[in-house]
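Protein chains: 2
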Amino acid sequence: MDPRIEKHAKVIVEHSVEIKEGDNVVVSAPFVAEDLVVALYDLLGERGANPTWWAGSSQAKRSFLMASDPEEFSAPAHIEAAAKEADVFINIRAAENTNETGDVPPEVNTAYRQARQDIREEIMDSRWVLTQYPASGHAQKAEMSTDAYEKFVWDAVTKDWEEQRQMQEKMVEILDSADEIRIQSGDTTDITMSVDGMITSNDYAKRNLPGGEVFTAPVPDSVEGVVYFDKPLMAQGREVEGVRLEFSEGEVVDHSAEKNEEVLTKVLETDPGARRLGELGIGMNRDIDQFTYNMLFDEKMGDTVHLALGRAYDVNIGEGQEQNQSAIHMDMIVDMSEDSKIVVDGEVVQRNGTFRWEE
Amino acid sequence: MDPRIEKHAKVIVEHSVEIKEGDNVVVSAPFVAEDLVVALYDLLGERGANPTWWAGSSQAKRSFLMASDPEEFSAPAHIEAAAKEADVFINIRAAENTNETGDVPPEVNTAYRQARQDIREEIMDSRWVLTQYPASGHAQKAEMSTDAYEKFVWDAVTKDWEEQRQMQEKMVEILDSADEIRIQSGDTTDITMSVDGMITSNDYAKRNLPGGEVFTAPVPDSVEGVVYFDKPLMAQGREVEGVRLEFSEGEVVDHSAEKNEEVLTKVLETDPGARRLGELGIGMNRDIDQFTYNMLFDEKMGDTVHLALGRAYDVNIGEGQEQNQSAIHMDMIVDMSEDSKIVVDGEVVQRNGTFRWEE
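These protein sequences, in sequence, are chains A and B. Here the first sequence stands for residues 14 to 372, numbered as in this note's numbering. Here the second sequence stands for residues 14 to 372, numbered as in this note's numbering.
Any given hint could turn out to be false.
Put simply, identical chains are the same to the list, so a pair is met inside one copy or across any two.
[As the list claims (entries may be wrong)] Cross-link-like lysine to aspartate or glutamate pairs, in silico, DMTMM-like; alpha carbons within 20 Å at most:
id	residue 1	residue 2
1	K33	E85
2	K20	E372
3	K164	D48
4	K164	D352
5	K154	D352
6	K20	D300
7	K23	E113
8	K244	E360
9	K219	E34
10	K33	D82
11	K33	E84
12	K33	E156
13	K97	E135
14	K272	E109
15	K172	E264
16	K183	E34
To be clear, the hints were calculated from the coordinates, so they are not data collected in a lab.
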């Protein structure tokens, strides 16, 4: 067993979900991640927890989705009952082929997701963590060898999260007392928004592993300006590239994309909230030093910000503030490594990816 | 996808558990059987059933068992809740290494099994089937190439079960109206027992796939004589070979084994019922033409009988008859292919593996 896998399991059990004796645990993971599950089961046994492993097989799921009548999807009672009784969910992503469900019609996926909304909410009400095992498919997506990708993932995952929390707390303090945030990058991005009265969250790998961002919610009506997302994003199983959004009074008033624009248009038409921002996130994990086309990592990168269209997180909404509502939450990344700055109430807090306190 | 896998899935869904719309299904299978699960998910989707896949990883299980305190084992609420709400269990055996849990102390395994007795009973109260996927470990155990083992398994599994049921019904009729059964083989086995008032079951692949046996329960006190089991059996993770049992008034009064006799002794000491027979089974599946050291197949072989020490099945107990009770149920096989006969009320019904109606 690779000692980095044992370390990964230890971070999950001791830091992210803090397993206690008697915890009923669901591990959801594809089999390519078996070594990590074996390492987890060792620690769960030691702590007197009760694990069960749900096989996350994208091939089996695809087979089911393709054969089903989407109108018959439901929240099955045996899965919901287990979700209700479980205390902890450990969700491990790992693919040998990231396109395994790529030919499932988007509306079938949507119907399946909607039918299982209650189960997802049961899970969200538990202690849960989402993490990554470095399998070949995600390595290929990242344009890396599996060996290099393993190093990348385990460096990002097994770090000193208390130190990271403290570093991020500086940005939390800045954002919590801030009113106006302005994000500028090259000639293409210049956008301002208010975060007045909102609450900033410090993500230090409790629910995402790796963690490494601080995030808050913009005041819905306050967003003004233009933003260009130079990294592709996945929506409805397809890659959307070169997205440009123009905001006025918080709403997208113009949009375009260099590839699959019609997918972007469809996303924006989901509901009124899909045209407004629900999140402003600032990536602060310096061990994530390259894009891997995997949002779990990309949004944590040290010289990025991300904005999400759609639903705002409950935790970010201050008393008396409006929470943007939507069925979607779509993260999009702005590269801030060059010719870029984040300005908070007129003061530069990040320039070309370097934070004020790092200069 | 190998068309034999699709046929295997069809037999499970259409014949063994007869999937209906809305059925909540648990598939329990190790990853090496993924193709069969993919084929099942296709058919389950078509029929509007709701599957979930429990990963049967013997490596993860071993890791958990080795790290746990056996006194803390429980029936976890999230697993029990799912078992309660499930309508159907499809349990697929498949190992790349049949010894994967071989170094778990027997008492730990026993404690784990006992703690989960309620969950097992929930499963037994549903529609369920146990079947085999031909993975390399079981092929090795069978002393066959994986290719040859695949042919062996799929020939045994995908047969005309209605025809098999009708053939077996002949033996059911003989046993149902029988009083004394006598089993003779070579110089080593000559045992008699009464099945008077007991009910014979016809196993045509509803709960075991392959099926292919008829079985009943001996009247507990009626067993007399000596039996030698020339095929090894697994008990407490160890192989016991050359078992010889002598019965008087239904009870084992003398026993020996050529290998691991102390394991046999321990099994017999489990409880009083462990010294009595709970089952007489007659193998009738002609497509199983060799021993593979896998009870799911061996006990169905056309020229074998098996006797089980321990608990008798509820279905076999006629009104007013005594049911042998025990925590164990240990099947042991007698090869009836040579110099052997089954005699029912003085009439030979099988000689050297050939049934009366086959002569």
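*Structure-inconsistent hints, enumerated in ascending order*: 2, 4, 5, 7, 8, 12, 14, 15 and 16
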